[in-house]
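**Student:** Here are the chains, one letter per residue:
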Amino acid sequence: GAVVSQHPSWVICKSGTSVKIECRSLDFQATTMFWYRQFPKQSLMLMATSNEGSKATYEQGVEKDKFLINHASLTLSTLTVTSAHPEDSSFYICSASGGEPMDYGYTFGSGTRLTVV
Amino acid sequence: GESVGLHLPTLSVQEGDNSIINCAYSNSASDYFIWYKQESGKGPQFIIDIRSNMDKRQGQRVTVLLNKTVKHLSLQIAATQPGDSAVYFCAEWGAAGNKLTFGGGTRVLVKP
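First to last, the sequence lines map onto chains A and B.
One gets the numbering used here by counting positions in the first sequence from 1 and adding 31 to each.
One gets the numbering used here by counting positions in the second sequence from 1 and adding 27 to each.
By construction, these hints were calculated from the structure, which means they are not laboratory data.
Treat the numbers as computed from the prediction; the structure is a model and nothing was measured.
For glycine and all other residues, C-beta sits at the position ideal for the given N, C-alpha and C.
Be aware that one or more of the hints could be misleading.
[Said to hold, decoys possible] Some chain A residues close to chain B (C-beta under 8 Å, calculated; not the full set):
no.	residue
1	Lys72
2	Ser120
3	Gly129
4	Pro132
5	Tyr137
[Stated by the list, open to error] Okay, derived cross-link-like pairs now, EDC-like style, lysine to aspartate or glutamate, Cα gap no bigger than 20 Å in a straight line:
no.	chain 1	residue 1	chain 2	residue 2
6	A	Lys72	A	Asp96
7	B	Lys126	A	Glu90
8	A	Lys97	A	Asp134
9	B	Lys69	A	Glu53
10	A	Lys45	A	Asp96
11	B	Lys69	A	Asp119
12	B	Lys83	A	Asp134
13	B	Lys69	B	Glu42
14	B	Lys95	B	Asp82
15	B	Lys126	A	Glu118
16	B	Lys95	B	Asp58
17	A	Lys72	B	Asp111
18	A	Lys86	A	Glu53
19	B	Lys126	A	Asp134
20	B	Lys83	B	Asp58
21	A	Lys95	A	Asp119
22	A	Lys72	A	Asp134
23	A	Lys72	B	Glu66
24	B	Lys126	A	Glu131
25	B	Lys126	A	Glu83
[As the list claims (entries may be wrong)] Taking beta-carbon pairs under 8 Å as the criterion, some of the chain A residues facing chain B (in silico):
no.	residue
26	Ser49
27	Thr80
28	Phe98
29	Ile124
30	Gly140
31	Gly142
32	Thr146
Let the sequences and hints guide you as you build the complete structure.
**Tutor:** The following block contains the structure:
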């Protein structure tokens, strides 16, 4: 089955530093990858959609200069949280699809717990 | 179905009983629905999906029902087991463009 690997699983960083999170599709080519953010006891909120080789599409209210997304290949997308602050602490989850979700489905990574101190 | 809740409703179920989790959605343009299971500290795990041209789909121990008239989706889990304890989310595709939008989630606690 389709596998999405996300690294790191958890990271602690100092306020003001940047953190990069990787999302890889291991056994399929992901034409589209999605980045979500989840606060405790809440649902997943879509941050942005990235397509290989093009700029990411950000949801309303998500700062594109703060959350940099790069989808350089069909198997890798990265999310960089720049100048992180404590309010950026959250659970970040990526998902990937090989095509139309109804045909290829959606596969989620295992998530990254970011704590900014 | 698309809102973010400040708390998760909880469904307590006796082991061996059936569970029913409900989800309401607001946009009739939704094409596709998926139920996910999320355990603590992990990403969502696919359970079952259904297209908008269907009203029922069955998997192993799970059944999804779709009522488009009242915009309601449900997940039924037969013979609930301790391993079913998790948070369950419904998600829909199509109403807001080419993206998956999640509902608020329901926590299922299975009592031995």
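**Student:** Take the hints in turn and mark each one as holding or not.
**Tutor:** Here is how each hint holds up against the structure:
1. For lysine 72 of chain A, the suggested interface contact is upheld, since its CB lies about 5 Å from the closest CB of chain B, less than 8 Å.
2. Annotation: serine 120 of chain A was flagged as interfacial toward chain B, and the flag is violated, the nearest CB pair being 14 Å apart, outside 8 Å.
3. Below 8 Å, beta-carbon pairs count as interface contacts, and glycine 129 of chain A has none with chain B, the closest being about 14 Å; its hint is therefore violated.
4. Interface hint status for proline 132 of chain A: upheld, as the beta-carbon distance to the closest one in chain B is roughly 6 Å, under 8 Å.
5. A hinted interface residue such as tyrosine 137 of chain A counts as satisfied when its beta carbon comes closer than 8 Å to some beta carbon of chain B; here the least separation is about 6 Å, so the hint holds.
6. The hinted pair formed by lysine 72 of chain A and aspartate 96 of chain A fails the criterion: a straight-line CA distance of about 27 Å is larger than 20 Å.
7. Between lysine 126 of chain B and glutamate 90 of chain A, the direct Cα distance comes to roughly 11 Å. Compliance with the 20 Å bound is thereby established for this hinted pair.
8. A C-alpha spacing of about 33 Å is found between lysine 97 of chain A and aspartate 134 of chain A, which places the hinted pair above 20 Å, so the restraint is violated.
9. The suggested pairing of lysine 69 of chain B with glutamate 53 of chain A holds, with an alpha-carbon distance near 16 Å, which does not exceed 20 Å.
10. Only pairs whose Cα atoms come within 20 Å are accepted, and lysine 45 of chain A paired with aspartate 96 of chain A is accepted, the gap being roughly 19 Å.
11. For the suggested pair lysine 69 of chain B and aspartate 119 of chain A, the alpha carbons sit about 19 Å apart, so the restraint of at most 20 Å is met.
12. Between lysine 83 of chain B and aspartate 134 of chain A the CA atoms are separated by roughly 18 Å; this keeps the pair inside 20 Å, and the hint holds.
13. For the suggested pair lysine 69 of chain B and glutamate 42 of chain B, the alpha carbons sit about 23 Å apart, so the restraint of at most 20 Å is broken.
14. For the hint pairing lysine 95 of chain B with aspartate 82 of chain B, the CA-to-CA distance comes to about 8 Å; that is within 20 Å, so the pair holds.
15. Distance hint between lysine 126 of chain B and glutamate 118 of chain A is unfulfilled; the C-alpha atoms sit about 25 Å from each other, more than 20 Å.
16. Only pairs whose Cα atoms come within 20 Å are accepted, and lysine 95 of chain B paired with aspartate 58 of chain B is accepted, the gap being roughly 11 Å.
17. The straight-line distance between the Cα atoms of lysine 72 of chain A and aspartate 111 of chain B is roughly 18 Å, inside the 20 Å bound, and the hint therefore holds.
18. Distance check on the hinted pair: lysine 86 of chain A and glutamate 53 of chain A sit about 17 Å apart at the alpha-carbon level, within 20 Å; holds.
19. For the hint linking lysine 126 of chain B to aspartate 134 of chain A, the alpha-carbon distance of about 14 Å falls within 20 Å, and the restraint holds.
20. Between lysine 83 of chain B and aspartate 58 of chain B the alpha-carbon distance is near 14 Å, which keeps this suggested pair within the 20 Å criterion.
21. With a C-alpha separation of about 14 Å, the suggested pair lysine 95 of chain A and aspartate 119 of chain A falls inside the 20 Å cut-off, and the hint holds.
22. For the proposed pair lysine 72 of chain A and aspartate 134 of chain A, the alpha carbon gap of about 31 Å is over 20 Å, so the pair is violated.
23. The hinted pair formed by lysine 72 of chain A and glutamate 66 of chain B meets the criterion: a straight-line CA distance of about 12 Å does not exceed 20 Å.
24. A C-alpha spacing of about 10 Å is found between lysine 126 of chain B and glutamate 131 of chain A, which places the hinted pair at or below 20 Å, so the restraint holds.
25. Taken as a hint, the lysine 126 of chain B and glutamate 83 of chain A pair is honoured in the structure, with Cα atoms around 16 Å apart against an allowance of 20 Å.
26. The interface hint given for serine 49 of chain A is violated, since its Cβ lies 23 Å from the closest Cβ of chain B, which is over the 8 Å cut-off.
27. Hint status for threonine 80 of chain A: holds, given a least beta-carbon distance of 6 Å to chain B, under 8 Å.
28. Taking 8 Å as the C-beta contact cut-off toward chain B, the hint placing phenylalanine 98 of chain A at the interface is violated, the least distance being around 16 Å.
29. Hint on isoleucine 124 of chain A holds. Least Cβ distance to chain B is approximately 5 Å, under the 8 Å limit.
30. At about 5 Å, the closest approach between the beta carbon of glycine 140 of chain A and any beta carbon in chain B falls short of 8 Å, and the interface hint on this residue holds.
31. Restraint check, glycine 142 of chain A versus chain B: the minimum CB separation of about 5 Å is within 8 Å; hint holds.
32. Evaluation of the threonine 146 of chain A hint against chain B yields a violated restraint, the C-beta minimum of about 13 Å exceeding 8 Å.
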